[in-house]
Amino acid sequence: MFERYSDIQAIANLPILNNSNAATRMTFQEKQTILNKYVQIYGVYDSIAAFDINGNLIVQSSGKTLSNHKDRDYFQQVIQTGQPVITNLETSKSTGEFVIHFAAPIKDVNTGKLIGVV
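Numbering (our numbering), first residue to last: 101 to 218.
These aren't lab readings, by the way, just hints derived from the structure by calculation.
Note that this is a predicted model, so its numbers are computed, not measured.
Every residue gets a Cβ at the ideal spot worked out from N, C-alpha and C, and that includes glycine.
Misleading hints may appear alongside valid ones.
Claimed, not checked - Straight-line C-alpha distance at most 27 Å; calculated DSSO-like pairs for lysine-lysine:
{"#": "1", "residue 1": "Lys131", "residue 2": "Lys193"}
{"#": "2", "residue 1": "Lys164", "residue 2": "Lys137"}
{"#": "3", "residue 1": "Lys170", "residue 2": "Lys137"}
{"#": "4", "residue 1": "Lys137", "residue 2": "Lys207"}
{"#": "5", "residue 1": "Lys170", "residue 2": "Lys213"}
{"#": "6", "residue 1": "Lys207", "residue 2": "Lys193"}
{"#": "7", "residue 1": "Lys193", "residue 2": "Lys164"}
{"#": "8", "residue 1": "Lys193", "residue 2": "Lys137"}
{"#": "9", "residue 1": "Lys164", "residue 2": "Lys207"}
{"#": "10", "residue 1": "Lys131", "residue 2": "Lys207"}
{"#": "11", "residue 1": "Lys170", "residue 2": "Lys131"}
{"#": "12", "residue 1": "Lys170", "residue 2": "Lys193"}
{"#": "13", "residue 1": "Lys170", "residue 2": "Lys207"}
{"#": "14", "residue 1": "Lys164", "residue 2": "Lys131"}
{"#": "15", "residue 1": "Lys213", "residue 2": "Lys131"}
Claimed, not checked - Simulated restraints on C-beta separations:
{"#": "16", "residue 1": "Gln109", "residue 2": "Thr195", "range": "23 to 33 Å"}
{"#": "17", "residue 1": "Thr165", "residue 2": "Phe198", "range": "34 to 44 Å"}
{"#": "18", "residue 1": "Asn188", "residue 2": "Thr124", "range": "33 to 43 Å"}
{"#": "19", "residue 1": "Ser167", "residue 2": "Arg104", "range": "32 to 42 Å"}
{"#": "20", "residue 1": "Asn188", "residue 2": "Gln129", "range": "32 to 42 Å"}
{"#": "21", "residue 1": "Lys137", "residue 2": "Lys164", "range": "29 to 39 Å"}
{"#": "22", "residue 1": "Gln180", "residue 2": "Asp208", "range": "15 to 25 Å"}
{"#": "23", "residue 1": "Leu189", "residue 2": "Asn121", "range": "37 to 47 Å"}
{"#": "24", "residue 1": "Leu157", "residue 2": "Asn113", "range": "11 to 21 Å"}
The task is simple: from the sequences and hints, build the whole structure.
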């Protein structure tokens, strides 16, 4: 579990997520390709997605397009605490499958301001 905790923090610090200069120079598909590689390399994640602070999807790995996540408990915990969250086993509202969500704050590399959740 500690490895997953570290993974999600590393992903939250990818320049495609925390650096607006890098993020705006890449297309959604280019960012998605990067996240797909992380899904493949780690081999333990079904998907990786990033949302802005309002819960709107910024980018996700391949799969069914995700809806707004603002109402998710783990999302709100990250927004309120600014800290990573690991949920207990629960049913995914997106897929109906049993999942454990790993979520971490995305903070702007230049300002340190919370700008999203991965």
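Results of checking the hints against the structure:
1. Lys131 / Lys193: Holds. Lys131 to Lys193 sits at ~24 Å (cutoff 27 Å).
2. Lys164 / Lys137: 17 Å, holds
3. Lys170 / Lys137: Distance ~26 Å between Lys170 and Lys137 Cα, so the pair holds.
4. Lys137 / Lys207: Holds. Lys137 to Lys207 sits at ~22 Å (cutoff 27 Å).
5. Lys170 / Lys213: Between Lys170 and Lys213 the Cα gap is close to 18 Å, so the pair holds against 27 Å.
6. Lys207 / Lys193: At roughly 26 Å apart (the allowed maximum being 27 Å), Lys193 and Lys207 satisfy the hint.
7. Lys193 / Lys164: Between Lys193 and Lys164 the Cα gap is close to 12 Å, so the pair holds against 27 Å.
8. Lys193 / Lys137: Roughly 24 Å separates the two Cα atoms, so the pair holds.
9. Lys164 / Lys207: 26 Å, holds
10. Lys131 / Lys207: OK: Lys131 and Lys207 at ~17 Å, within 27 Å.
11. Lys170 / Lys131: Measuring from Cα to Cα gives roughly 22 Å; hence the hint holds.
12. Lys170 / Lys193: 12 Å, holds
13. Lys170 / Lys207: Judged against 27 Å, a Cα distance of about 17 Å means the pair holds.
14. Lys164 / Lys131: 16 Å, holds
15. Lys213 / Lys131: 21 Å, holds
16. Gln109 / Thr195: 23 to 33 Å: For Gln109 and Thr195 the Cβ distance comes to about 24 Å; the hint holds.
17. Thr165 / Phe198: 34 to 44 Å: 21 Å, violated
18. Asn188 / Thr124: 33 to 43 Å: Holds - the Cβ-Cβ distance for Asn188 and Thr124, about 37 Å, lies within 33 to 43 Å.
19. Ser167 / Arg104: 32 to 42 Å: With Cβ atoms ~24 Å apart, the hint is violated.
20. Asn188 / Gln129: 32 to 42 Å: 34 Å, holds
21. Lys137 / Lys164: 29 to 39 Å: 19 Å, violated
22. Gln180 / Asp208: 15 to 25 Å: Roughly 18 Å apart at Cβ, these two residues keep to the hinted range, so it holds.
23. Leu189 / Asn121: 37 to 47 Å: 39 Å, holds
24. Leu157 / Asn113: 11 to 21 Å: 19 Å, holds
Hints 17, 19, 21 from the list above are not met by this structure, while the remaining hints are.
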